[in-house]
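Student: Sequence:
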Amino acid sequence: MIKPVSIQEPLLHYNWGDGCDGWTLVEEPSLSVKRERMPAGTAEALHYHQQAQQFFYILSGTATFEISGERIQVNEQQGLHIQAGLLHRILNETNQPLEFILSSQPSTKGDRINL
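Take the sequence shown: its letter number 16 is residue 16 in full-length UniProt numbering, and every next letter is one higher.
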């Protein structure tokens with residue numbers, strides 16, 4: 001049966017990084033969709049994916065991305081596409097929470113290489 005998903009009823013809730021939350025909304029080998037929340041002043045580890053391309057859509061807050069040595073600010077209601085193979089990470093350098101949707105194609109399961 002097909003049914004809606006949300007952060008109240010995700011496929012899976014998980015914690016990552018330093019107090020960050022995530023909700024898996026779609027998890028298939030060919031596609032992953034997640035909603036994630038980063039508290040103020042948090043960042044993820046620099047990494048890359050050999051196969052997966054990703055699209056981040058900022059729901060609220062302001063994200064800073066480091067991509068292959070370049071810094072890019074992405075504001076609320078903006079998105080950013082990251083091709084497979086690029087070194088990247090997302091940071092919340094503000095004093096407000098950051099919330100975003102993260103789509104990965106194919107899924108990043110087993111395809112994350114941390115530096």
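If you are wondering where the hints come from, they were derived from the structure by calculation, not from laboratory data. One thing to keep in mind: the hints can contain errors.
[Said to hold, decoys possible] When the alpha-carbon atoms are kept at most 16 angstroms apart in a straight line, the in silico EDC-like pairs for lysine to aspartate or glutamate are as follows:
| # | residue 1 | residue 2 |
| --- | --- | --- |
| 1 | K109 | E28 |
| 2 | K34 | E99 |
| 3 | K109 | E27 |
| 4 | K3 | D21 |
| 5 | K3 | E27 |
| 6 | K34 | E70 |
Student: Verify the proposed pairing of K34 with E70, using a straight-line Cα cut of 16 angstroms.
Tutor: Distance ~25 angstroms between K34 and E70 Cα, so the pair is violated.
Student: Is the Cα-Cα distance between K109 and E27 16 angstroms or less?
Tutor: Status holds; Cα separation ~9 angstroms.
Student: For the pair supplied as a hint, K3 and D21, confirm whether the alpha-carbon distance does not exceed 16 angstroms.
Tutor: Not OK: K3 and D21 at ~22 angstroms, beyond 16 angstroms, violated.
Student: Check the hint pairing K3 with E27 against an upper bound of 16 angstroms on the C-alpha distance.
Tutor: Distance ~14 angstroms between K3 and E27 Cα, so the pair holds.
Student: With a cut-off of 16 angstroms on the C-alpha distance, tell me whether K34 and E99 pass.
Tutor: Distance of about 11 angstroms is within 16 angstroms: holds.
Student: Check whether the Cα positions of K109 and E28 lie no farther apart than 16 angstroms.
Tutor: 9 angstroms, holds
The structure is inconsistent with the numbered hints 4, 6, although it conforms to all the rest.
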